[in-house]
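Respectively, the protein sequence lines represent chains C and S. full-length UniProt numbering puts the first residue of the first sequence at 1, with every later residue one more than the last. full-length UniProt numbering puts the first residue of the second sequence at 1, with every later residue one more than the last.
These are calculated hints, taken from the structure and not from any lab test. Treat each hint with caution, since some may be false.
Computed cross-link-like contacts, BS3-like style, restricted to lysine-lysine with a CA-CA straight-line distance of at most 27 Å [as the list claims (entries may be wrong)]:
no.	chain 1	residue 1	chain 2	residue 2
1	S	Lys229	C	Lys27
2	C	Lys48	C	Lys225
3	C	Lys223	S	Lys57
4	S	Lys27	C	Lys91
5	C	Lys91	S	Lys251
6	C	Lys225	S	Lys27
Number of protein chains: 2
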Amino acid sequence: MKTIQAASYPVHFQEEAYKKLSNLIVKNDYSTIFILVDENTFEHCYPKFIPNLETNKRIEVIEIESGEINKNIETCIGVWNAITELGGDRKSLLITLGGGVITDLGGFVASCFKRGIDFVNIPTTLLSMVDASVGGKTGVDLGVLKNQIGLFSNPEMVLVDADYLTTVTEREIKSGMAEIIKYGVTYDIKLFNEVKLNKGLHINELIFRSVEIKNEVVLQDPKEKSLRKILNFGHTIGHAIESFYLESADKENLTHGEAIAIGMVCESYISSKLLNFPETKLNEIKEVVLSIYDKINLLKEDFSGIMELLKHDKKNVNGQVNFVLLNDYENHKLDCKVSEDLIVESMEFYNS
Amino acid sequence: MKTIQAASYPVHFQEEAYKKLSNLIVKNDYSTIFILVDENTFEHCYPKFIPNLETNKRIEVIEIESGEINKNIETCIGVWNAITELGGDRKSLLITLGGGVITDLGGFVASCFKRGIDFVNIPTTLLSMVDASVGGKTGVDLGVLKNQIGLFSNPEMVLVDADYLTTVTEREIKSGMAEIIKYGVTYDIKLFNEVKLNKGLHINELIFRSVEIKNEVVLQDPKEKSLRKILNFGHTIGHAIESFYLESADKENLTHGEAIAIGMVCESYISSKLLNFPETKLNEIKEVVLSIYDKINLLKEDFSGIMELLKHDKKNVNGQVNFVLLNDYENHKLDCKVSEDLIVESMEFYNS
Numbered sequence: 001m002k003t004i005q006a007a008s009y010p011v012h013f014q015e016e017a018y019k020k021l022s023n024l025i026v027k028n029d030y031s032t033i034f035i036l037v038d039e040n041t042f043e044h045c046y047p048k049f050i051p052n053l054e055t056n057k058r059i060e061v062i063e064i065e066s067g068e069i070n071k072n073i074e075t076c077i078g079v080w081n082a083i084t085e086l087g088g089d090r091k092s093l094l095i096t097l098g099g100g101v102i103t104d105l106g107g108f109v110a111s112c113f114k115r116g117i118d119f120v121n122i123p124t125t126l127l128s129m130v131d132a133s134v135g136g137k138t139g140v141d142l143g144v145l146k147n148q149i150g151l152f153s154n155p156e157m158v159l160v161d162a163d164y165l166t167t168v169t170e171r172e173i174k175s176g177m178a179e180i181i182k183y184g185v186t187y188d189i190k191l192f193n194e195v196k197l198n199k200g201l202h203i204n205e206l207i208f209r210s211v212e213i214k215n216e217v218v219l220q221d222p223k224e225k226s227l228r229k230i231l232n233f234g235h236t237i238g239h240a241i242e243s244f245y246l247e248s249a250d251k252e253n254l255t256h257g258e259a260i261a262i263g264m265v266c267e268s269y270i271s272s273k274l275l276n277f278p279e280t281k282l283n284e285i286k287e288v289v290l291s292i293y294d295k296i297n298l299l300k301e302d303f304s305g306i307m308e309l310l311k312h313d314k315k316n317v318n319g320q321v322n323f324v325l326l327n328d329y330e331n332h333k334l335d336c337k338v339s340e341d342l343i344v345e346s347m348e349f350y351n352s
Numbered sequence: 001m002k003t004i005q006a007a008s009y010p011v012h013f014q015e016e017a018y019k020k021l022s023n024l025i026v027k028n029d030y031s032t033i034f035i036l037v038d039e040n041t042f043e044h045c046y047p048k049f050i051p052n053l054e055t056n057k058r059i060e061v062i063e064i065e066s067g068e069i070n071k072n073i074e075t076c077i078g079v080w081n082a083i084t085e086l087g088g089d090r091k092s093l094l095i096t097l098g099g100g101v102i103t104d105l106g107g108f109v110a111s112c113f114k115r116g117i118d119f120v121n122i123p124t125t126l127l128s129m130v131d132a133s134v135g136g137k138t139g140v141d142l143g144v145l146k147n148q149i150g151l152f153s154n155p156e157m158v159l160v161d162a163d164y165l166t167t168v169t170e171r172e173i174k175s176g177m178a179e180i181i182k183y184g185v186t187y188d189i190k191l192f193n194e195v196k197l198n199k200g201l202h203i204n205e206l207i208f209r210s211v212e213i214k215n216e217v218v219l220q221d222p223k224e225k226s227l228r229k230i231l232n233f234g235h236t237i238g239h240a241i242e243s244f245y246l247e248s249a250d251k252e253n254l255t256h257g258e259a260i261a262i263g264m265v266c267e268s269y270i271s272s273k274l275l276n277f278p279e280t281k282l283n284e285i286k287e288v289v290l291s292i293y294d295k296i297n298l299l300k301e302d303f304s305g306i307m308e309l310l311k312h313d314k315k316n317v318n319g320q321v322n323f324v325l326l327n328d329y330e331n332h333k334l335d336c337k338v339s340e341d342l343i344v345e346s347m348e349f350y351n352s
């Protein structure tokens, strides 16, 4: 599979990627290679990865606890201390092997350690392959506020190997599908139709095309001044719902994809009200989402808590929530102001 | 006084600087202005600063506890939470008003908040005026390891007003003199002679020339690949001594300048042994240092603890401590390896 050239680094795929990684390590003559894992990727992915890593450098594994709840500064402090105790220096390399928590947190940890060491991302979930592998966003949560602390910082390379998907659950695979749907409806309707018709088939191609799209978008607008905002479609409401479920002790957490899928239905509804996004397409999006994800019943009494979190969205300016909405498939409008009432109505539409 | 143009931002001096700051705020139409202070700068500097700030934007003051001991991630978390609770968004501006702890920590906090908001540094101590105002280094300590966590990140502008020096102690002024001596011996012997002959006179000129020198060095080598390493003269041993005193409960802390002054004497001694740095100049440096700072008695039983900290220096690679040493005044050699014995000997020379 071809290589995709991102801003300042390549995304390599499948077997070829491991050779490139070995070359990188030789070229930069790293002092030590740190591999950041969680208990799951250490058990399931590390044994697949390590035989492919050809190097005589010292390798140190650092394990953190899995889960979004651990994507915080306290975990970063633990990793910084571990790297310090293991003798990490400015010529160290950090390889992140895991899902979005590992790649986002690991990238941030590397970028801040001694004012920055090199890192390489190896996403092992569908979500992190299609979303976190390109774009240079690193970060951690602050309390329930997602990615509140972070940086734009690029890895030396990204290694995408769909074989790692055999290590994750069906639910996690589905979590990544939401981003693929997003790329489809905002940027490439052919991709959306692929998902609609073939659910889960051709996974290699779906990943490759998603990375290609994300890369095209990010190269045009690395700092999210305009076009890149389309990647937030579904995420404004989706993130708030995800955070709300995360902080509600009595609710089971939603995966990122489950929350973003709801967010896309809501924001498509708002699009239909404010921008005349066609109703048939709105219903099509809802149908595809509900064909993949179980319906969640959003409770009326939770709406105000979700609204509260919406107001903390990173993209807000002067307290005004900013949405990216759809005029049509592949046709968006940035910086739309939406009333609270309409946001509530959109959640009722999802429920209906 | 003229403006100095750093990499991507200007350093403005005295009255003129406040006009430039007001212009910046108008131009960028910030949503809120956060001012980071400690209890001392809030009491003594803020009342000098605020009448000069012409703006109708919302202003929020965030106060942290003074002292190097608070230059850590926990303090950052506190500031991030405060900015969040006060409704900070991506269009917020953070002004740091204080010494190196405030400017280093504040720059890091701003650079990581929602992946980066603008910041302006207003150094209020001599040390931060001549050292932290140019160079883009931000960061905090990890345990006793200085600036272990941080970034290269540039402010929008720096405002240097020597009037703030009336708010600090004589000891703090002296702390800044060590950096001026460093610029002198490594880069501009005329500046060193100024310090030697006029101790404390012409402070405005000493500051201006120091910022100029630092800027020249940083512009040539922003990422500290070669020339910029001369700014570490005296800092390899100096930092270790500073950290050691900081973590020793039974010792009074040294100021940065007091520790770096000792470090310069030690590293000049090592220079004389390894590079034939002239003995008369070695003695001249020691003499000037001891004319400004009280002699500290470094205890033999502390040498091993100081050595231990030296091994964690950020600049080390593969466990090898790297020194920048002097062939002569204004003439340095990078990446010198030094034996433990010679380091100990240099501390004994300082003691003698």
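Verification of the supplied hints:
no.: 1; hint: Lys229/S - Lys27/C; result: holds, 24 Å
no.: 2; hint: Lys48/C - Lys225/C; result: violated, 39 Å
no.: 3; hint: Lys223/C - Lys57/S; result: holds, 25 Å
no.: 4; hint: Lys27/S - Lys91/C; result: violated, 40 Å
no.: 5; hint: Lys91/C - Lys251/S; result: violated, 34 Å
no.: 6; hint: Lys225/C - Lys27/S; result: holds, 17 Å
Checked against the numbered hints listed earlier, the structure breaks hints 2, 4, 5; every other hint is satisfied.
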